[in-house]
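Enquirer: Now for the letters of each chain:
Protein chains: 2
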Amino acid sequence: MQELISKANKKALDYLQKAEPTLVGLGLAIDDIPGMEKKMILHAGPPIKWENMSGPLKGAVIGGLIYEGLAKDEDEARKLASSGDIKFEPCHHHSTVGPMAGVVTASMPVWIIKNKAFDNLAYCTLNEGLGKVLRYGAFSSEVIERLKWMESVLAPVLKASLNLSGEIDLKSMIAQIVQMGDEGHNRNKAGTSLFIREIAPYVVMTDFSNEDKSQVLKFMNSNDHFFLNLSMPACKSALDPIANIPYSTIVSIMARNGTEFGIKVSGLGDRWFTAPAEIIDGLFFPGYGMEDANPDIGDSVITETSGIGGFAMATAPAIVQFVGGTPQDAIMYTTSMYEITEDESNIYKMPTMNFRGTPTGIDIMKVIETQILPIINTGIAHKDPGVGQVGAGIVRPPMKCFEDALEAFVEKMAEEGLIK
Amino acid sequence: MQELISKANKKALDYLQKAEPTLVGLGLAIDDIPGMEKKMILHAGPPIKWENMSGPLKGAVIGGLIYEGLAKDEDEARKLASSGDIKFEPCHHHSTVGPMAGVVTASMPVWIIKNKAFDNLAYCTLNEGLGKVLRYGAFSSEVIERLKWMESVLAPVLKASLNLSGEIDLKSMIAQIVQMGDEGHNRNKAGTSLFIREIAPYVVMTDFSNEDKSQVLKFMNSNDHFFLNLSMPACKSALDPIANIPYSTIVSIMARNGTEFGIKVSGLGDRWFTAPAEIIDGLFFPGYGMEDANPDIGDSVITETSGIGGFAMATAPAIVQFVGGTPQDAIMYTTSMYEITEDESNIYKMPTMNFRGTPTGIDIMKVIETQILPIINTGIAHKDPGVGQVGAGIVRPPMKCFEDALEAFVEKMAEEGLIK
Numbered sequence: 012m013q014e015l016i017s018k019a020n021k022k023a024l025d026y027l028q029k030a031e032p033t034l035v036g037l038g039l040a041i042d043d044i045p046g047m048e049k050k051m052i053l054h055a056g057p058p059i060k061w062e063n064m065s066g067p068l069k070g071a072v073i074g075g076l077i078y079e080g081l082a083k084d085e086d087e088a089r090k091l092a093s094s095g096d097i098k099f100e101p102c103h104h105h106s107t108v109g110p111m112a113g114v115v116t117a118s119m120p121v122w123i124i125k126n127k128a129f130d131n132l133a134y135c136t137l138n139e140g141l142g143k144v145l146r147y148g149a150f151s152s153e154v155i156e157r158l159k160w161m162e163s164v165l166a167p168v169l170k171a172s173l174n175l176s177g178e179i180d181l182k183s184m185i186a187q188i189v190q191m192g193d194e195g196h197n198r199n200k201a202g203t204s205l206f207i208r209e210i211a212p213y214v215v216m217t218d219f220s221n222e223d224k225s226q227v228l229k230f231m232n233s234n235d236h237f238f239l240n241l242s243m244p245a246c247k248s249a250l251d252p253i254a255n256i257p258y259s260t261i262v263s264i265m266a267r268n269g270t271e272f273g274i275k276v277s278g279l280g281d282r283w284f285t286a287p288a289e290i291i292d293g294l295f296f297p298g299y300g301m302e303d304a305n306p307d308i309g310d311s312v313i314t315e316t317s318g319i320g321g322f323a324m325a326t327a328p329a330i331v332q333f334v335g336g337t338p339q340d341a342i343m344y345t346t347s348m349y350e351i352t353e354d355e356s357n358i359y360k361m362p363t364m365n366f367r368g369t370p371t372g373i374d375i376m377k378v379i380e381t382q383i384l385p386i387i388n389t390g391i392a393h394k395d396p397g398v399g400q401v402g403a404g405i406v407r408p409p410m411k412c413f414e415d416a417l418e419a420f421v422e423k424m425a426e427e428g429l430i431k
Numbered sequence: 012m013q014e015l016i017s018k019a020n021k022k023a024l025d026y027l028q029k030a031e032p033t034l035v036g037l038g039l040a041i042d043d044i045p046g047m048e049k050k051m052i053l054h055a056g057p058p059i060k061w062e063n064m065s066g067p068l069k070g071a072v073i074g075g076l077i078y079e080g081l082a083k084d085e086d087e088a089r090k091l092a093s094s095g096d097i098k099f100e101p102c103h104h105h106s107t108v109g110p111m112a113g114v115v116t117a118s119m120p121v122w123i124i125k126n127k128a129f130d131n132l133a134y135c136t137l138n139e140g141l142g143k144v145l146r147y148g149a150f151s152s153e154v155i156e157r158l159k160w161m162e163s164v165l166a167p168v169l170k171a172s173l174n175l176s177g178e179i180d181l182k183s184m185i186a187q188i189v190q191m192g193d194e195g196h197n198r199n200k201a202g203t204s205l206f207i208r209e210i211a212p213y214v215v216m217t218d219f220s221n222e223d224k225s226q227v228l229k230f231m232n233s234n235d236h237f238f239l240n241l242s243m244p245a246c247k248s249a250l251d252p253i254a255n256i257p258y259s260t261i262v263s264i265m266a267r268n269g270t271e272f273g274i275k276v277s278g279l280g281d282r283w284f285t286a287p288a289e290i291i292d293g294l295f296f297p298g299y300g301m302e303d304a305n306p307d308i309g310d311s312v313i314t315e316t317s318g319i320g321g322f323a324m325a326t327a328p329a330i331v332q333f334v335g336g337t338p339q340d341a342i343m344y345t346t347s348m349y350e351i352t353e354d355e356s357n358i359y360k361m362p363t364m365n366f367r368g369t370p371t372g373i374d375i376m377k378v379i380e381t382q383i384l385p386i387i388n389t390g391i392a393h394k395d396p397g398v399g400q401v402g403a404g405i406v407r408p409p410m411k412c413f414e415d416a417l418e419a420f421v422e423k424m425a426e427e428g429l430i431k
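Here the protein sequences line up with chains A and B, keeping their order.
Per our numbering, residue 12 is the first one in the first sequence, and the count goes up by one each step.
Per our numbering, residue 12 is the first one in the second sequence, and the count goes up by one each step.
For reference, chain A alone in the conformation it holds in the complex (with noise of 0.2 Å):
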């Protein structure tokens, strides 16, 4: 049995180094994420009951409705949320991620990624800045506007010019990145940037007026974080392949939805393994404190299921202001998750390893053995719908999670008659 599960893990990893992560067009929720429907919204983490969302969470909800004019105000968004009316599902279950929140509805704009390798697709909202923004829960009016101004300029004006420039290689991008002191989770300023000197030349041959085409490049500059959006449908399309190959003990999905930490094993295909979140350990910003934290919360986590985000802290010392710890801490951690992972990212290098690649693709049994969890640079939300980002930090995921999954594992090789 030993040797099909190590078979297993190793065509699971056979397949993450192959991913060829490409972003390939800019479409519509509705239009492009299989299954969307316009009464549905899709949110982060495991499947999730409208009276169990945490706030942040029924916070985006309450803006995604209000933003498809389905209410026109927090009393009715929440009537409409618990009326049974709305259908909420993962957006893993539609090759979807989306950071915090993770909230997509109909009329929102969406990243396409595919990964050339094995021509799967995934898809990820645009990153909507810093401050009040719906992905931590915020609904006020200028979070409406603004995600009304994504959907009527800043796409179409990318759409176009991704039109123009052709697909854009994300393996490659990301490669650099984590050259660039980068993680590619909280740390996106390299990838930002690298994204926009490489679409702007594009930007500006697109026959919107220069007004419009400022503003955009304005947006992708004002925000660090923009390229977020971009790094984590590249890892879903570099992890879906390996979604469910028999006898592999490596995980494919780690995701939050802010109430629970769900994860999804590969030998295990669709099942989720879920317990409740952990509350973040971090950096606050100014006026608060660990009490109005939400625990863990967002699909983000992906980048460090494909081996960069938290994995990759060693090459972007620079973190430790935004999440806290040291620069050695970062290095500690990257180094402590070799121990939990099948192997080293054959092109995502670190050069402050020397050139070691970031520790890639989570095998539970080794979690299980060493006890040792896998760690995630994270924002953190305030735990009231409404408010938004109140800092940054680092997190585990609740070890039952990978326990269960283990459980769950030997119980179907035993009905499979391997072990007695």
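Simulated from the structure, these hints should not be mistaken for lab results.
There could be a bad hint or two in this list.
The list makes no distinction among identical chains, and a pair is therefore deemed to hold if it is satisfied within one copy or across any two copies.
[What the hints assert, rightly or not] In silico lysine-lysine, BS3-like type, Cα no more than 30 Å apart, as pairs: (1) 360 to 60; (2) 229 to 170; (3) 229 to 182; (4) 22 to 83; (5) 229 to 125.
We have chain A; now place chain B onto it with these hints.
Expert: Relative to the frame of chain A, chain B by itself:
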């Protein structure tokens, strides 16, 4: 006397730390560089006559004369250069710096940088890109045509963009890039990226054609060294205020003309201390080797003089892929530079060194005492005119420059009766 020196060096470092290099405009050499003349050619390094110039400097002079229309081909240019009709002067004598050959002619566009703490200005041409370029001694028609395009399209578009954007704070930009894997001399990928994302929204708003604007953005995007010609005059503008502080033993200039290495020392004012330039140890492009290399050339060592470049290599470990060695060497180089410098930068902080400031302000007394020479990251030019870059590597100045400077300093102290 020790106290006088110590006070003077503290003053020099205070000036250097207070510097506020800021991009304030884009002009023309003949209009803006003080003392520039129609039949004058500025070059890198200490003063040198035509007959003593190395191949790449001769090549760049030939190209410069053709570009100016003062000669129609290589033969005419060589005759004119040796006729005595052309004045050759160091860039440094005109508040200017130039990478490699450093040739500046009357019609060339130049960045204008102001050190806002002292209101002094510094100048530098715009970076030409990679491959066959004037600064490496190439002068073929493609080189001249590119220079003409830079004069007629690149510079006007960027000048108009700068008029719209307003000044750009280079101190803050350099502080950011040393946290993104750049050291500001041979690695300027982050700097180039940050500059593009800052200026692009204003390029869009200029009145030029979309084609021209797009070409300008593509040109900058195609060349990760584009920011070098901003980091160099930023450093020059920061160092000029310390050019003449009585009793200070801090180096105010290091520069090479391809034949000789020259330094100036704050307390010794305008006097150059020169010695034959060294050969560079590094990585060569395929087909080239040590036997093709010209000795050390260029004003770009102004970056090391002000505390970045080779001195900040620890923060740019990816650079070893370009200049040779290992990330450990990079840390070792930076660490050893603290032995010969007066202070640590209060703003250029290296995450990989636990946010320690870069070693800043070379003290000739410490160089002699420790026998540790400054470390320099640099490009390698072919020794023949017309060829171009053949590699990149690491080099140190000749010890003789420092020995002679210290001897002169001691003599001066004796003249003033401060030592017997």
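Enquirer: Run every hint past the structure and note whether it holds.
Expert: Taking the hints in turn, this is what the structure says about them:
1. 360 to 60: For residue 360 and residue 60, the Cα distance exceeds 30 Å both inside one copy (41 Å) and across copies (47 Å).
2. 229 to 170: For residue 229 and residue 170, both the intra-copy (17 Å) and inter-copy (19 Å) Cα distances are at most 30 Å.
3. 229 to 182: The answer is both: 25 Å in one copy and 21 Å across copies each meet 30 Å.
4. 22 to 83: neither (50 Å within a copy, 64 Å between copies)
5. 229 to 125: Classified as both; 27 Å inside a copy, 25 Å across copies.
Of the numbered hints given earlier, the model fails hints 1, 4; all others are met.
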